[in-house]
Amino acid sequence: MTVTLRDVTRENYEKVGALQLLESQRKYLASNAFSLAQLHFYPDFRPRAIYSGEELVGFLMYAPLTEDGKPHDYKIFRFMIDHRHQGNGVGRQALQLALDEIRQNLRVDRIEICYKTDNPVAKDFYASFGFVESGFDEEDNDVIAEIVPSH
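The opening residue of the sequence shown carries number 1 in full-length UniProt numbering; numbering runs sequentially from there.
By construction, these hints were calculated from the structure, which means they are not laboratory data. Honestly, I wouldn't trust all of these hints.
[To be verified] With a cut-off of at most 30 Å between alpha-carbon atoms, the simulated DSS-like pairs for lysine-lysine come out as follows: (1) Lys27 - Lys70; (2) Lys15 - Lys123; (3) Lys75 - Lys123; (4) Lys15 - Lys75; (5) Lys123 - Lys70; (6) Lys27 - Lys123; (7) Lys27 - Lys116; (8) Lys27 - Lys15; (9) Lys15 - Lys116; (10) Lys116 - Lys75; (11) Lys116 - Lys70; (12) Lys75 - Lys27.
[To be verified] Computed spacing ranges between beta-carbons, pair by pair: (13) Leu65 - Gly130: 13 to 23 Å; (14) Phe34 - Arg10: 13 to 23 Å; (15) Arg110 - Tyr42: 14 to 24 Å.
All residues carry an ideal CB built from backbone N, CA and C; glycine is no exception.
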């Protein structure tokens, strides 16, 4: 099945908000409803609905770090695949699409993603894309990993 990233719209935002992780995964990620609410306050955030064929299966959000004075650095937030669609390669395809989409910007110095220290699945998954641990966010208790695209 073809995986695509699409805009979050009036027609699909409720379904995006209803996507669910497994109970054991919920401690790792803010809810999609919270993420959608943030869009009102952070206009640079780019929400993306993840589809497999015509079925909504996940959500992610990314943004340039303009407010941090780093307009050419990007951060991927809230990457998730609904629990009913995990384990079939959709997440791998979706993350690659997001990275490709970010890299289409004129200048990208760095792409950052974060995950909880007790989430080895995320660590290994992101490392398989070339993300390298580069720091720690003590406020959120997150490992920060990054890719530095070649120019």
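| request: Provide an ascending list of the numbers of those earlier hints which the structure does not satisfy. | output: none
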